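Novice: Protein chains in written order, with this note's numbering: chain A, 231 to 449; chain B, 599 to 850.
Errors might be hidden in some of the hints.
[Claimed, not checked] Facing chain A, according to a computed beta carbon distance under 8 Å, are these residues of chain B, among others: (1) Ala668; (2) Met673; (3) Ala716; (4) Ala720; (5) Gly765; (6) Ile795; (7) Pro796; (8) Ser819; (9) Arg849.
[Said to hold, decoys possible] Going by beta-carbon spacing under 10 Å, a handful of chain A positions derived as facing chain B: (10) Arg282; (11) Ile348; (12) Ser379.
[Stated by the list, open to error] Computed far set for chain A versus chain B, every beta-carbon distance over 10 Å: (13) Glu338; (14) Glu435; (15) Arg436.
None of these hints come from the bench; they were simulated from the model. Computed from a predicted structure; not experimentally measured. Ideal Cβ positions, reconstructed from N, Cα and C, are used throughout, including at glycine.
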Amino acid sequence: MQVAIVDYGMGNLDSVARAVEECGGRPFVTGEPRDLATAAAVILPGVGAFARGMANIRERGLDRAIVDDVAASEVPLLGLCLGMQLLATTGTEGTTTAGLDLVPGVVERMADSDGLRIPHVGWNEVHHASPHPLFDEIPSGRDFYFVHSYHLRCDDPGDVIATVPYGGDLVAAVARGTVAGVQFHPEKSQRTGFRLLRNFLASAERRDEPALTFSRPRR
Amino acid sequence: MLKTRIMPTLLYKDLGLVKGVRFDSWRRVGSAMQSVKVYNMREVDELVFLDITATRDGREPDYELVDDLADECFMPLTVGGGVSAVEHFERLLKVGADKVAVNTALDERPDLIGEAAATFGAQCVVASIDARRTADGRHEAVTRSGTRPTGRDAVALAVEAQERGAGEILLTSVDRDGTMEGYDLDLTRAVAAAVTIPVIASGGAGEYEHMADALLHAGASAIAAASMFHFTEQTPLEAKHYLRARGVAVRI
Numbered sequence: 231m232q233v234a235i236v237d238y239g240m241g242n243l244d245s246v247a248r249a250v251e252e253c254g255g256r257p258f259v260t261g262e263p264r265d266l267a268t269a270a271a272v273i274l275p276g277v278g279a280f281a282r283g284m285a286n287i288r289e290r291g292l293d294r295a296i297v298d299d300v301a302a303s304e305v306p307l308l309g310l311c312l313g314m315q316l317l318a319t320t321g322t323e324g325t326t327t328a329g330l331d332l333v334p335g336v337v338e339r340m341a342d343s344d345g346l347r348i349p350h351v352g353w354n355e356v357h358h359a360s361p362h363p364l365f366d367e368i369p370s371g372r373d374f375y376f377v378h379s380y381h382l383r384c385d386d387p388g389d390v391i392a393t394v395p396y397g398g399d400l401v402a403a404v405a406r407g408t409v410a411g412v413q414f415h416p417e418k419s420q421r422t423g424f425r426l427l428r429n430f431l432a433s434a435e436r437r438d439e440p441a442l443t444f445s446r447p448r449r
Numbered sequence: 599m600l601k602t603r604i605m606p607t608l609l610y611k612d613l614g615l616v617k618g619v620r621f622d623s624w625r626r627v628g629s630a631m632q633s634v635k636v637y638n639m640r641e642v643d644e645l646v647f648l649d650i651t652a653t654r655d656g657r658e659p660d661y662e663l664v665d666d667l668a669d670e671c672f673m674p675l676t677v678g679g680g681v682s683a684v685e686h687f688e689r690l691l692k693v694g695a696d697k698v699a700v701n702t703a704l705d706e707r708p709d710l711i712g713e714a715a716a717t718f719g720a721q722c723v724v725a726s727i728d729a730r731r732t733a734d735g736r737h738e739a740v741t742r743s744g745t746r747p748t749g750r751d752a753v754a755l756a757v758e759a760q761e762r763g764a765g766e767i768l769l770t771s772v773d774r775d776g777t778m779e780g781y782d783l784d785l786t787r788a789v790a791a792a793v794t795i796p797v798i799a800s801g802g803a804g805e806y807e808h809m810a811d812a813l814l815h816a817g818a819s820a821i822a823a824a825s826m827f828h829f830t831e832q833t834p835l836e837a838k839h840y841l842r843a844r845g846v847a848v849r850i
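Given these sequences and hints, build the entire structure.
Specialist: Written as C-alpha cells, this is what we have:
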C-alpha cells in the first residue's frame, strides 16, 4: 500500500519512511501536492516550529492538497508530533499562525508550573480517552516517546482519543473522521509505536478500493 | 508519568566505537552498527551517538553513517559531533537523528542554538556541555573533546544555552568520565537547579547506585552511561529494575 510521507522540509522523513516500511507499507516521500491524491494513506510528520512548518506547507501548495485531496476525500491522514499540531486551527509558537484547521483547536506552550521541566522529553503513558482503531491491541497506559514544548488544546473534547499525564492530562492523540494525529513519535516508540502505525495502515486497507477515491476539483 | 531515561552513549572515532578515561586513553569497543542493532533489540530508551573527532578534524557530521545507523534504530537518537551550522541540523534530522547535540559551537558559534531552535524547535537542540573542575572548585566548560578550556563557568553556559533555545542539557564531567566512580553530583546539582530544561547526567557511572544518586539527589532528569555498559556485565534493563526498586519511574 502506497503511503505518502509529506516532505515540507522539516521532518524526520527517513525515520518515518523506515518505520512504515517495517510495518508493511510502501512509503514514498513527496513534497508534490498532486502526489498526495494518489496515496492510499498520508502521513504528515514534523519536527520543528509551528509557524515555520505552516509557511513551508503553504509555500509548496501542500495545504490545499492536504485539506481537499486527503482529508475531504477521506484518505486516512496521520499527523505526527508537529504534524499533529498543524492539523489545529491556530498555532501560537512564535507568532499566531493559522493551521490546517482539520481538528478545531489551538496549539499552546505547555505551562511550566509545578517544577515540570519543559520540553516534555521521554517515554510517558498514553491513556485512552475514547476507543479508536488506532489503538487496537494497545492497552491503555502504554509508554510512547514524546518530545515537545507545545500541546494541542481541542475545541471539541470528542476529538481527543488519548491523553498523556504531564502537568494535567494533555492531548496525546486526536481523531476526527479520517484525520488523526498523535503528539508522540510512533516511529521512535519501538514495538508499541509500530503497532499503532500498523493500525493506521490497516484503517487505510479497510477502505474501499483506493482507485475509487475521487479528487475534488481544485478551486 | 514521565519515565526516567537510561541512555547508552556511543562515542565514535576512526571508524569504530571507543571509550576512554577522562576524555583520553581511548579503547576500541566495537562497531557502531552492531551496537545500535543490539540496543535496538534490547529496546533501550534512547541512544546518544557522538563523533568525537569531527570538530577536531574540521569535518561535518558523517551523514551517511548516521543514515545507516538510524535505519536500524527505532528509538530516539541524539547525534553530535561536528555540528556548527543550521544546515547540519537539517541534514542530520533528515537522515534520522531525532535530536542534535552541540558542544564546541556553544562557545564558538553561540547564535547557532537560537537559529536551530527557531527552525526545528527547542526540543531537538541538545546543549552538550563538558565540564572540568578547576583548582578553586568551580566547573569550567571545555570544548573540542575536552581539549580546549573556554574559561567559562559550566553552569552559566547551561543557563545561556537554555536562554538561547536549547531544549535539553547533556552534562558530562570530564573528571569522572570513564572512571566509573560516580557522577559529579555537585556539578549535576548546580546545573539542574539553574535550568528548567531536562538535564542528562553523564560521566562516571560505574554502578546502578550512581544513577540513583544523580536522579534522586542531584536533580538529573535522565542518565547517560558508556563504560559501565561496555566494560561490565551491567545493562540498561537491570539498571531500570534497580531504579524502580528505589522509587524511580522507569519503562521496563
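Novice: All hints, please: hold or fail.
Specialist: Status of each hint after checking the structure:
no. : hint   : verdict
1   : Ala668 : holds (6 Å)
2   : Met673 : holds (6 Å)
3   : Ala716 : holds (6 Å)
4   : Ala720 : holds (6 Å)
5   : Gly765 : holds (5 Å)
6   : Ile795 : holds (6 Å)
7   : Pro796 : holds (5 Å)
8   : Ser819 : holds (6 Å)
9   : Arg849 : holds (5 Å)
10  : Arg282 : holds (6 Å)
11  : Ile348 : holds (7 Å)
12  : Ser379 : holds (6 Å)
13  : Glu338 : holds (14 Å)
14  : Glu435 : holds (22 Å)
15  : Arg436 : holds (25 Å)
Violated hints: none; the structure is consistent with every hint.
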